[in-house]
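Student: Take the given structure of chain C and dock chain E to it, following the hints.
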Amino acid sequence: GAVVSQHPSWVICKSGTSVKIECRSLDFQATTMFWYRQFPKQSLMLMATSNEGSKATYEQGVEKDKFLINHASLTLSTLTVTSAHPEDSSFYICSARPTHGYTFGSGTRLTVV
Amino acid sequence: EDQVTQSPEALRLQEGESSSLNCSYTVSGLRGLFWYRQDPGKGPEFLFTLYSAGEEKEKERLKATLTKKESFLHITAPKPEDSATYLCAVQDQAGTALIFGKGTTLSVSS
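Going down the list, the protein sequences come from chains C and E. For the first sequence, the residue numbers in our numbering are 1 to 113. For the second sequence, the residue numbers in our numbering are 1 to 110.
The shape of chain C in the complex, shown without the other chains (with noise of 0.2 Å):
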């Protein structure tokens, strides 16, 4: 089955400094792919559109100089953290679509100290 591989699983870092994290898809092409966000017992929300070749589309209140968003090739989708703060620290999912339903990464737990 359509496989997506996150990574990393999980990353600690100081505030202030960046951090990248990758999303691929391993037996099939994404054009779009998805970033979600998801804080303890909430629902995952959408904070991006990821769009191969072209600008991300970010949903409103998602700062776009913050979450720099990448999707240079058709199998892999980043998302940079840009100068992290605590409250930045939370569960990082993304997603992307092969032929039917949605495909999803393991996650990135993020902990900003």
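There may be inaccurate statements among the hints.
[As the list claims (entries may be wrong)] Simulated pairs of lysine to aspartate or glutamate, DMTMM-like, Cα-Cα distance not exceeding 25 Å:
| id | chain 1 | residue 1 | chain 2 | residue 2 |
| --- | --- | --- | --- | --- |
| 1 | C | K66 | C | E87 |
| 2 | C | K41 | E | D82 |
| 3 | E | K68 | E | D2 |
| 4 | E | K102 | C | E63 |
| 5 | E | K69 | E | E55 |
| 6 | C | K41 | E | E70 |
No lab work stands behind these hints, which were simulated from the structure alone. Predicted model, so just to flag it, every value in this text is computed and none were measured.
Tutor: Same frame as chain C, now just chain E:
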């Protein structure tokens, strides 16, 4: 605005005690309703997609049904390994990203 509401927020069952989880939705032109299972610290794992009212799908101890306003996930004779958070999501007419409910956390004790 598209909205998905799941209830209950948490559910505790004894092994073998059947029950149902509810997902109520408001969406402009439903293209699909999705059920996922999420274990702690993991990404959602696909269970079912339902497309039209009256549709039902089954997988082992799980059965999903759909009406015009809500979906149910029925769990028959659950086992401890069924313990997880169950997420409901809808895809609207625009057909882009999924909109998720907050989930129901199921705990099954032996």
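Student: Just pull the numbers of the violated hints for me, sorted ascending.
Tutor: Checked against the structure, no hint fails, so every one of them is satisfied.
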